[in-house]
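**Q** Below, each chain spelled out in residue letters.
Number of protein chains: 2
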Amino acid sequence: MTSDVFQDHYPDDVSHCYGCGRLNAEGHHLKSYWEGDESVARFTPRPYHTAIPGYVYGGLIASLIDCHGTGTAAAAAHRAEGRSMGTEPPLRFVTASLKVDYLRPTPLGPELELRGEVLEQKARKIVVAITLSAAGKLCARGEVVAVLMPESMGMRSG
Amino acid sequence: MTSDVFQDHYPDDVSHCYGCGRLNAEGHHLKSYWEGDESVARFTPRPYHTAIPGYVYGGLIASLIDCHGTGTAAAAAHRAEGRSMGTEPPLRFVTASLKVDYLRPTPLGPELELRGEVLEQKARKIVVAITLSAAGKLCARGEVVAVLMPESMGMRSG
Chain A
3 MTSDVFQDHY
13 PDDVSHCYGC
23 GRLNAEGHHL
33 KSYWEGDESV
43 ARFTPRPYHT
53 AIPGYVYGGL
63 IASLIDCHGT
73 GTAAAAAHRA
83 EGRSMGTEPP
93 LRFVTASLKV
103 DYLRPTPLGP
113 ELELRGEVLE
123 QKARKIVVAI
133 TLSAAGKLCA
143 RGEVVAVLMP
153 ESMGMRSG
Chain B
3 MTSDVFQDHY
13 PDDVSHCYGC
23 GRLNAEGHHL
33 KSYWEGDESV
43 ARFTPRPYHT
53 AIPGYVYGGL
63 IASLIDCHGT
73 GTAAAAAHRA
83 EGRSMGTEPP
93 LRFVTASLKV
103 DYLRPTPLGP
113 ELELRGEVLE
123 QKARKIVVAI
133 TLSAAGKLCA
143 RGEVVAVLMP
153 ESMGMRSG
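Keeping their order, the protein sequence lines are chains A and B.
With this note's numbering as the guide, the letters of the first sequence map in order to residues 3 to 160.
With this note's numbering as the guide, the letters of the second sequence map in order to residues 3 to 160.
Keep in mind that the hints were calculated from the coordinates and are not lab data.
Because the structure is a prediction, the values reported are computed rather than measured.
For every residue, glycine included, the Cβ atom is placed at its ideal position computed from N, Cα and C.
Hints may be right or wrong, so weigh each one.
BS3-like, lysine-lysine: derived pairs with alpha carbons at most 27 Å apart [claimed, not checked]: (1) 33/A x 139/A; (2) 127/A x 33/A; (3) 33/A x 101/B; (4) 124/A x 101/B; (5) 101/B x 33/B; (6) 139/B x 33/A; (7) 101/A x 101/B; (8) 139/B x 127/A; (9) 127/B x 127/A; (10) 124/A x 33/A; (11) 101/A x 127/A; (12) 101/B x 127/B.
With the Cβ distance kept under 10 Å, some of the chain A side facing chain B (calculated, not the full set) [said to hold, decoys possible]: (13) 23; (14) 29; (15) 31; (16) 44; (17) 46; (18) 58; (19) 69; (20) 98; (21) 99; (22) 104.
Could you put together the complete structure from these sequences and hints?
**A** Structure representation (structure tokens):
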């Protein structure tokens, strides 16, 4: 595959996440990619992703931050090994901890932009800071502590 | 209304949350109620709420914790005023900050149980600690900092 999208390179057996799995027919299909040292993803909520009418519900924001965080961690882990995603072995990360600060109500309608930055990186644990903006305004800040997926969760060994 | 469910008493104009609004046709309709000093909610994920196959995706867990937290805050605020939900003025809370620790993968299939406890309570800010269990096993811990909804978000004044 030649896609720049991190999630396009997740192995088939771990590509069913409702937030970002390309094989989940019902889900959000979040797609993250590098822009320099920052990771970026864009997502337009559906009209029913409401909190209070006119605003995006917090659970969606948390979900997008979560998936963008684990995606960024996977990409950063490959990059640290000097190889692109899609090369073997695949490195897939899951969330150990998620924190979201809702700074202002997020308007429902505009495309949301997520930008991620790696704060800390070890082989098995990567911390990603993420901002979520709508129409150029910062609406939420998140932090994802992502850990390398244990083989017991179904990831084939690399 | 005589319902014990916190969300059943949210005013119509703020009952559209995807996570817990009774007027959101597409959403989760989470329902929270007191059991003594603990708040409880139960939710059975759909088959497509997948993370890795066999496990619940983290965004749903965050969403349930979020809505159970704001619901518990609203109920606690009414209780502190010595009146039941459904009496005027209604008090509705929104999330300022959400933290979720994923302690173990949450199996997809069993009903999830959320239990909330108020950690801190002021008139406009309430902190709720929440556990999420599946089949009797603790899978995630959350903390929700909930603040009284500003009138600018659409809540009619009480």
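**Q** Please go over all the hints and tell whether each is borne out by the structure.
**A** Hints and how they fare:
no.: 1; hint: 33/A x 139/A; verdict: 21 Å, holds
no.: 2; hint: 127/A x 33/A; verdict: 21 Å, holds
no.: 3; hint: 33/A x 101/B; verdict: 24 Å, holds
no.: 4; hint: 124/A x 101/B; verdict: 22 Å, holds
no.: 5; hint: 101/B x 33/B; verdict: 21 Å, holds
no.: 6; hint: 139/B x 33/A; verdict: 32 Å, violated
no.: 7; hint: 101/A x 101/B; verdict: 4 Å, holds
no.: 8; hint: 139/B x 127/A; verdict: 25 Å, holds
no.: 9; hint: 127/B x 127/A; verdict: 33 Å, violated
no.: 10; hint: 124/A x 33/A; verdict: 24 Å, holds
no.: 11; hint: 101/A x 127/A; verdict: 16 Å, holds
no.: 12; hint: 101/B x 127/B; verdict: 16 Å, holds
no.: 13; hint: 23; verdict: 7 Å, holds
no.: 14; hint: 29; verdict: 7 Å, holds
no.: 15; hint: 31; verdict: 12 Å, violated
no.: 16; hint: 44; verdict: 17 Å, violated
no.: 17; hint: 46; verdict: 15 Å, violated
no.: 18; hint: 58; verdict: 9 Å, holds
no.: 19; hint: 69; verdict: 7 Å, holds
no.: 20; hint: 98; verdict: 6 Å, holds
no.: 21; hint: 99; verdict: 5 Å, holds
no.: 22; hint: 104; verdict: 5 Å, holds
The earlier numbered hints that this structure contradicts are 6, 9, 15, 16 and 17.
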